[in-house]
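Engineer: Taken in order, these protein sequences are the chains called G and R.
Residue 324 in the numbering used here sits at position 165 of the first sequence, and the numbers go up by one each step.
Residue 287 in the numbering used here sits at position 1 of the second sequence, and the numbers go up by one each step.
Not the full set, but computed from the structure, chain R residues with beta-carbon under 10 Å of chain G:
id, residue
1, E391
2, P401
3, E411
Here are a few chain R residues that face chain G, going by a calculated C-beta distance under 7 Å:
id, residue
4, L309
5, A317
6, D395
7, A396
8, L398
9, V399
10, V402
11, S563
Computed beta-carbon distance windows for the label pairs:
id, chain 1, residue 1, chain 2, residue 2, range
12, R, V425, G, P298, 43 to 49 Å
13, G, T169, R, T301, 35 to 41 Å
14, G, R284, R, S305, 20 to 26 Å
15, G, T167, R, P540, 45 to 51 Å
16, R, G556, G, E295, 44 to 50 Å
17, R, G524, G, A301, 58 to 64 Å
18, G, Q306, R, W312, 20 to 26 Å
Hints in this document: simulated from the structure, not taken from any laboratory.
Just so we're clear, the structure is a prediction, and the values are computed from it rather than from any experiment.
Ideal Cβ positions, reconstructed from N, Cα and C, are used throughout, including at glycine.
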Amino acid sequence: MIEMTDVTKTFTLRRRTGRRLRRERTVVRAVDGVSFSVERGEFLGYLGPNGAGKSTTIKMLTGILTPTSGRVRVAGLDPSRARTALARRIGVVFGQRTTLWWDLPLRDSLTLVRRLYRVEERAYRTRLDELTALLELEPFLATPVRQLSLGQRMRGDLAAALLHDPELLVLDEPTIGLDVVSKATVRGFLARLNAERGTTILLTTHDLGDIERLCRRVMIIDHGRAAFDGDLGALRRAAGADRQLVVELAAPAPPIDLDGVPVITVEGPRQTLRLPDGANAASVVAALAARHEVRDIALRETGIEEIVARLYRGDQEISAPATS
Amino acid sequence: MASADTAPGIAARGTRAVSTYCLLAWTWIRAAAQYPVSITLLALGTALTAGLDVAGIMVLFSRTPRIAGFSAAEVLFLYGTSALAFSVSDILLGTTERLGEHVREGTLDALLVRPVSPLIQIATEDFTPRRFGRIVPPVLVLALAIPRLGVAWTPGRVAMVPLMLASGTVIFGGVWVLCAAVQFVLLNSHGATKALTYGGATLTQYPMTVFARDFVRGVTFVVPLAFVNWEPALYVLGRPDPLNLPGWTRFASPVVGAVVCAVAAVAWRGGLRHYRSTGN
Chain G
160 MIEMTDVTKT
170 FTLRRRTGRR
180 LRRERTVVRA
190 VDGVSFSVER
200 GEFLGYLGPN
210 GAGKSTTIKM
220 LTGILTPTSG
230 RVRVAGLDPS
240 RARTALARRI
250 GVVFGQRTTL
260 WWDLPLRDSL
270 TLVRRLYRVE
280 ERAYRTRLDE
290 LTALLELEPF
300 LATPVRQLSL
310 GQRMRGDLAA
320 ALLHDPELLV
330 LDEPTIGLDV
340 VSKATVRGFL
350 ARLNAERGTT
360 ILLTTHDLGD
370 IERLCRRVMI
380 IDHGRAAFDG
390 DLGALRRAAG
400 ADRQLVVELA
410 APAPPIDLDG
420 VPVITVEGPR
430 QTLRLPDGAN
440 AASVVAALAA
450 RHEVRDIALR
460 ETGIEEIVAR
470 LYRGDQEISA
480 PATS
Chain R
287 MASADTAPGI
297 AARGTRAVST
307 YCLLAWTWIR
317 AAAQYPVSIT
327 LLALGTALTA
337 GLDVAGIMVL
347 FSRTPRIAGF
357 SAAEVLFLYG
367 TSALAFSVSD
377 ILLGTTERLG
387 EHVREGTLDA
397 LLVRPVSPLI
407 QIATEDFTPR
417 RFGRIVPPVL
427 VLALAIPRLG
437 VAWTPGRVAM
447 VPLMLASGTV
457 IFGGVWVLCA
467 AVQFVLLNSH
477 GATKALTYGG
487 ATLTQYPMTV
497 FARDFVRGVT
507 FVVPLAFVNW
517 EPALYVLGRP
527 DPLNLPGWTR
537 FASPVVGAVV
547 CAVAAVAWRG
557 GLRHYRSTGN
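Build out the structure end to end from the sequences listed, making use of the hints.
Structural biologist: Next up, the structure:
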């Protein structure tokens with residue numbers, strides 16, 4: 160469905176320098192040799208800090224931007240050359256801004272979209288009924304888009320992107336700024352779309368909940384380069400996501416000295432230890448209790464937030480495993 | 287990779303563009319029709335403002351019966367043909383001057399992921415019936431002026447009037463697109479480009495001889511606005527050209543229209559390519 164081979168996109172920034180009118184040119188490599196492919200029916204999460212090149216990648220996939228070099232194919236088409244032909248086969252949602260018309264009621268916006276994509280009246284009716292039910296659009300179909308709440312607007316945008324039943328749905332931060340309930344609705348809808356219709360979905364996000372709930376595959380991009388590509392489990396392993404033991408002692412003590420179990424932090428009576436790979440938590444706890452007076456013990460797995468934070472900081476050298 | 291969208295010829299693509307335009311304009315009109323009172327009021331307002339223009343010209347003429355050797359009817363004919371051509375082009379393409387806004391606010395991206403040219407999408411944006419209010423004054427002016435011209439209506443002259451209106455519309459249309467294309471590169475320039483479109487309309491509403499000779503020459507050749515109505519009108523009115531241009535220039539308007547459109551098309555494509563390769 161998507162194929163990117165060694166894709167690069169550079170921007171030239173011009174800045175005025177000094178008193179003279181001369182301008183300094185800086186070349187920014189927003190995407191720097193990214194390759195990946197997405198099969199039909201996949202659900203891929205595309206992750207990266209701000210400015211990592213996520214949006215640039217999306218814009219190249221949808222034909223908004225022309226890559227500086229490399230090869231891009233989406234649904235068998237070259238997006239930058241066959242932009243309009245591709246537009247008929249994909250749906251795009253930008254979380255930060257709407258593709259609907261501010262002054263029109265949602266229903267009229269959707270009618271306009273139907274005309275743009277030349278969706279047949281009957282197919283449109285069926286599809287709209289379906290989407291209205293799934294996204295609960297009914298209460299605000301007659302409301303002008305500017306008066307919709309963010310969550311309603313996002314649902315409207317999703318409906319608009321799916322009226323022509325695209326094979327691929329590309330979402331740029333679809334849950335940004337949404338409240339918990341709206342997030343759940345949007346996620347539930349996307350999961351169903353992927354499972355029942357087989358729509359291939361690619362989404363970028365900062366919300367790791369999206370990834371944990373939805374994506375079987377994660378790709379992380381940083382400084383324009385792919386830093387990781389694989390499933391969540393592989394990400395945990397690759398990032399060295401270890402288990403930690405938080406021990407609450409009866410009184411403050413010097414760092415606990417156990418063989419092969421390093422102490423990470425000491426905060427008064429509370430000490431955090433790192434369990435090495437393959438260590439038996441039960442025996443470590445037993446050894447601890449034998450030597451110290453322990454008030455409480457908690458076992459913690461590294462959350463995905465922390466894994467990603469580590470990746471972004473570059474603490475961990477991640478070797479991207481080959482994708483199956 | 288010969289997709290269905292690249293295969294058809296220019297004619298088929300043109301027809302499709304026109305039908306898409308009408309479809310989208312119609313959808314916008316229907317959306318606007320939900321507020322009939324505001325539409326009527328706005329249409330009245332538009333007609334009133336334009337009517338004031340006509341009143342201004344009338345007042346001018348009640349004081350000085352001739353301007354630069356042209357009679358009142360002749361000046362009104364020049365005004366009417368230019369204003370009508372401009373209004374029609376404004377109705378069809380006037381909103382393309384918002385392109386800069388779309389680029390700055392990033393909303394152009396949303397237009398680019400749809401299977402219709404962003405030019406058509408912007409041109410039909412907010413299409414309301416009130417836009418048609420603008421053609422009322424020029425039509426009235428022409429209805430007044432044409433019977434009073436006192437020229438011998440040969441078939442050639444009769445045919446020239448619709449031809450000059452059509453060519454004028456096409457030339458102004460090309461200028462609109464050209465101005466939009468410039469905004470891909472020079473953001474915030476719609477003030478400057480407005481001087482071209484609206485300024486051009488004002489310019490052609492008076493006999494060119496009111497303006498300085500070198501200025502007129504510049505306008506004729508640099509921005510071919512003189513072909514909107516001035517050159518063909520000289521033929522209709524049976525007047526000599528103060529610039530002594532060869533006789534065929536009176537009939538060159540359709541060709542000039544085609545050239546302006548071709549230049550505008552190239553500029554638009556270039557602008558879009560620039561946007562898509564630089565991003566914003």
